[in-house]
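**Q** Residue numbers (the numbering used here), protein chains in the order written: chain D, 1 to 340; chain A, 1 to 451.
Any given hint might turn out to be false.
The list that follows gives simulated cross-link-like pairs (lysine to any residue, SDA-like), each with its CA atoms no further than 20 Å apart [as the list claims (entries may be wrong)]:
1) A:K326 <-> D:L8
2) D:K17 <-> A:V366
3) D:K17 <-> A:R368
4) A:K199 <-> A:E133
5) A:K22 <-> D:S18
6) D:K326 <-> A:L405
7) D:K17 <-> A:P427
8) D:K7 <-> A:I319
9) A:K13 <-> D:L8
10) D:K7 <-> A:E327
11) A:K205 <-> A:R255
12) A:K436 <-> D:T11
13) D:K17 <-> A:L405
14) A:K13 <-> D:R229
15) A:K199 <-> A:L137
Negatives, chain D to chain A, calculated, CB over 12 Å [said to hold, decoys possible]:
16) P14
17) F24
18) L38
19) Q136
20) F239
Honestly, the hints are just simulated from the structure, not real lab data. C-beta atoms are modelled at their ideal positions from N, C-alpha and C, and glycine is treated no differently.
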Amino acid sequence: MKTREPKLLLTTSPFIKSPHDTRFIMWQVNYALLPVILASVYYFGINAVLLIAVSLAGALLPEWIWSRQQNNPVNTIRDGSAVITGLLFALTLPPGIPLWMAFLGGVVSVVLGKILFGGLGYNIFNPALVGRAFLQAAFPVSMTTWMPHASLENFFQIRGDLLTLPFMKPRMDALSAATPLAKMKFEMQPTGITDLLLGSTAGSLGETAAVIILLAGIYLAIRGVINWRIPVGILATVFVLATLLHWVDGTKYPAPWFHLFAGGLMLGAVFMATDPVTSPITQKGVWIFSVGVGLLVVVIRVWGGLPEGVMYSILLMNALTPLINKVVRPRIYGMRKSES
Amino acid sequence: MELLLQREKKTFKHGIHPDDYKHFTRHLSIERMPFVDEYVLPLSQHAGAPSRPLVKLGERVYRGQLIAEPAAFVSAALHAPVTGVVKAIEPREHPGGRMVEAIVIERDPYSPQTLVNEHPIDWESLSPAELLEMIRLGGFVGLGGAAFPTHVKYAVPEGKHARFFFVNAAECEPFLTTDYRIMLERYPDIFLGIRVILKILGSEKAFIGVEDNKWDAIELLREQLPSDLPCEVIPLETKYPQGAEKMLIEAVLHREVPSGRLPIDVEVVVNNVGTVASIGQMFKYNQPLIERVVTVTGPGIQRPANLLVPIGTRLTDVIAYCGGMKENVRQVLFGGPMMGMPQRSLEVPILKGTSGVLFLTEYEVVPRQEYPCIHCMKCVDACPMYLNPSLLGMLARVRRYDDMLEHYIMDCIECGSCSYVCPSNIPLVQRFRVAKALLREKMAREKAAKA
Chain D
1 MKTREPKLLL
11 TTSPFIKSPH
21 DTRFIMWQVN
31 YALLPVILAS
41 VYYFGINAVL
51 LIAVSLAGAL
61 LPEWIWSRQQ
71 NNPVNTIRDG
81 SAVITGLLFA
91 LTLPPGIPLW
101 MAFLGGVVSV
111 VLGKILFGGL
121 GYNIFNPALV
131 GRAFLQAAFP
141 VSMTTWMPHA
151 SLENFFQIRG
161 DLLTLPFMKP
171 RMDALSAATP
181 LAKMKFEMQP
191 TGITDLLLGS
201 TAGSLGETAA
211 VIILLAGIYL
221 AIRGVINWRI
231 PVGILATVFV
241 LATLLHWVDG
251 TKYPAPWFHL
261 FAGGLMLGAV
271 FMATDPVTSP
281 ITQKGVWIFS
291 VGVGLLVVVI
301 RVWGGLPEGV
311 MYSILLMNAL
321 TPLINKVVRP
331 RIYGMRKSES
Chain A
1 MELLLQREKK
11 TFKHGIHPDD
21 YKHFTRHLSI
31 ERMPFVDEYV
41 LPLSQHAGAP
51 SRPLVKLGER
61 VYRGQLIAEP
71 AAFVSAALHA
81 PVTGVVKAIE
91 PREHPGGRMV
101 EAIVIERDPY
111 SPQTLVNEHP
121 IDWESLSPAE
131 LLEMIRLGGF
141 VGLGGAAFPT
151 HVKYAVPEGK
161 HARFFFVNAA
171 ECEPFLTTDY
181 RIMLERYPDI
191 FLGIRVILKI
201 LGSEKAFIGV
211 EDNKWDAIEL
221 LREQLPSDLP
231 CEVIPLETKY
241 PQGAEKMLIE
251 AVLHREVPSG
261 RLPIDVEVVV
271 NNVGTVASIG
281 QMFKYNQPLI
291 ERVVTVTGPG
301 IQRPANLLVP
311 IGTRLTDVIA
321 YCGGMKENVR
331 QVLFGGPMMG
341 MPQRSLEVPI
351 LKGTSGVLFL
361 TEYEVVPRQE
371 YPCIHCMKCV
381 DACPMYLNPS
391 LLGMLARVRR
401 YDDMLEHYIM
411 DCIECGSCSY
421 VCPSNIPLVQ
431 RFRVAKALLR
441 EKMAREKAAK
451 A
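Pulled out of the complex, with its shape left as it was, chain D reads as follows:
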């Protein structure tokens, strides 16, 4: 009597699925990073190529080992998240930092930032920023020594301390330069907006070309890969606060556009604060998160000891995210007394 059709599958509904899976989302971020990487190679030549390659290797090695240990049927490298971590971490580095530090930072990003928490989805802090914070604490001098961007003629000339061996004293290139934020903070010298937009300033590998990062962010937001509210919230907060300060004392505080396009704000707002794992899960929570990041960025930049504060701002708000998720809960349908 029972006529089970052997070829019929018994699973439960729903039977159709949105085509965008986690792997797709992660690789979209990687593709969006490509123009940023190209800009960084254009400005910093062979240094950028080597540092990005070494950082990526540092991030992928522990991910690969861990994935093997887990007996995962599919290697977790393929989900693309470790690639994002490696690339983002590399883009936050000063262009003259020794390669071995970049490698170490890449390893720390994935091990301390992600694997120790249990892998993708379980980490509290943005892994790339964990790696950078580690280097900042361990090698503060190398992490704050900048150099002017290269030109295409000396593309293949390795500059800075790239080849310094581990734990040897770096030579500290004479050819160092200050970032726009440091110039502003310590010398009261603003940088022109064209330089900031196009990236022809000193700074981390991937943070200088604000306009390219912005375009990549718009692409990701349109594709629904990142939540547009995060960069918009951060940038709007910074803009409003900077405008107020500038209005109070125009000689002491730079114009708002300077804060928007200088330093790592754009890279952080578009690529790091938008990490879904470490940002809140409700829209209201996301607004709190992004306003918090913007607020902290301005506070650190204006009143803090450091010229730049994007990394710590994001890490601090990452730490607050579990709390935000706990406190900000959406109202359930039918829970408030309905109007009659």
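Go by the hints and put chain A onto chain D.
**A** Frame of chain D; chain A shown alone:
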């Protein structure tokens, strides 16, 4: 500008936008399937108690004759869909996956298959209570899928009032075109049904909610709407799950059904448009619920169709009539792809609540790798009940069902929007169904222990 205003549409918050896949059958007229030899009528094809059989083995029955009566208040009557002989009353395979007691009728090949006692009913001279009793004995249940007995919905409790009657014609499930074709081809029955129901309920006004991917149906209904009928056709955004009762009410009235309560608590009764059309037929011909329109569709069937079939037609007969299945069929569903039921046997009968049969092939049925939750918020933004499926999913994975209660798991309407959007392919609604069933069981146990 005028066009823009005309196309103004209503909707609820959140939800998802899957492709509607209605192109397989939307252009096909409703087609009456020829009678076959055997019909299987499970006594349990509605929410509530199984019907009590009134016929014996070997007894001759006529098309439209009552063969099983409602065994309780929440139960339904059952009628013979064809003239023939009762061949068996025995457990048969049920689309729900179990064996269920069923009346099997062998068709009389020489019968003209006319309806027993066919005549129009002068409903205007009947009282609301008499009309309600006719609906109860007509065996009407919700044809949208849930198969809740209609007379129970219309029996409005003391102190409550159904100010508005909603005709649910959203048909938000992809692939299905049953309601769409009924609107295009049977709108007089819909209007007659609305008249009768308004009289039973004593409602002020009726609304017909239609998603705007069926704009021609909206225009047709608006054109044909009798001027004396207090009824409004409401275009709705094409968004899943627009056809969920609570979402429909929210879209049109901006009222929320309180948690754990029913639409009547916001002065609303909702019925599927197919049910309303069948009720119209009841009063036009004295035809109880013995047949229904079924969308036979999907890439896995040779000839997709909108079929009018007698209740109890076996799936094998439907497949044979539609030219057979394609070689690479992997899944056969009763209902749509978002909330439908997978079938393991092709012997199961079409029930009163079977809105469609969907054939999926190996190209649609692909196993997907599950990734860890990355808290991307897509499920939170999709959930029409504003739950947090990400959190609930994590609790379900480690079986913390009691904690799920605190996060309102019982308010989940199991629409599957969370599972649809999840980029990590986490089976969220699948786990929620298990959790809800276990919690309900536990609550029943605790209640029993207290008593």
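**Q** Look at each hint and say if it fits the structure.
**A** Right, here's what the structure says about each hint:
With a CA separation close to 13 Å, the supplied pair A:K326 and D:L8 stays within the 20 Å bound. About 10 Å separates the Cα atoms of D:K17 and A:V366, which keeps this hinted pair within 20 Å; it holds. Restraint check: the Cα-Cα separation between D:K17 and A:R368 comes to about 10 Å, which is no more than 20 Å; the hinted pair holds. Restraint check for A:K199 and A:E133: satisfied, since their Cα atoms lie roughly 13 Å apart, inside the 20 Å limit.
Our distance criterion of 20 Å between C-alpha atoms is met by A:K22 and D:S18, whose separation comes to about 17 Å. Simply put, D:K326 and A:L405 have alpha-carbon atoms about 16 Å apart, close enough for the 20 Å limit, and the pair holds. Among the hinted pairs, D:K17 with A:P427 is consistent with the structure: their alpha-carbon atoms are about 11 Å apart, no more than 20 Å. A threshold of 20 Å between alpha carbons decides the hint, and for D:K7 with A:I319 the separation of about 16 Å falls inside it, so the pair holds.
Between A:K13 and D:L8 the CA atoms are separated by roughly 36 Å; this puts the pair beyond 20 Å, and the hint is violated. With a CA separation close to 10 Å, the supplied pair D:K7 and A:E327 stays within the 20 Å bound. With a C-alpha separation of about 16 Å, the suggested pair A:K205 and A:R255 falls inside the 20 Å cut-off, and the hint holds. Proposed proximity of A:K436 and D:T11 is supported: the alpha carbons are some 18 Å apart, at most 20 Å.
In summary, the hint linking D:K17 to A:L405 is not supported, as the alpha carbons are separated by about 27 Å, beyond the 20 Å threshold. As the CA atoms of A:K13 and D:R229 are separated by approximately 18 Å, the hinted pair is consistent with the 20 Å bound. Restraint check for A:K199 and A:L137: satisfied, since their Cα atoms lie roughly 18 Å apart, inside the 20 Å limit. For D:P14, the non-interface assignment is contradicted: its Cβ lies about 4 Å from the closest Cβ of chain A, within the 12 Å cut-off.
A beta-carbon of chain A comes within 12 Å of the beta-carbon of D:F24; the shortest separation is about 7 Å. Annotated as non-interface, D:L38 keeps its C-beta farther than 12 Å from every C-beta of chain A; the closest such distance is 27 Å. The beta carbon of D:Q136 is kept farther than 12 Å from every beta carbon of chain A, the shortest such distance being approximately 26 Å. Distance to chain A confirms D:F239 as a non-interface residue, since its nearest Cβ pair spans about 25 Å, more than 12 Å.
In the structure shown, a violation is registered for the earlier hints numbered 9, 13, 16, 17, in ascending order.
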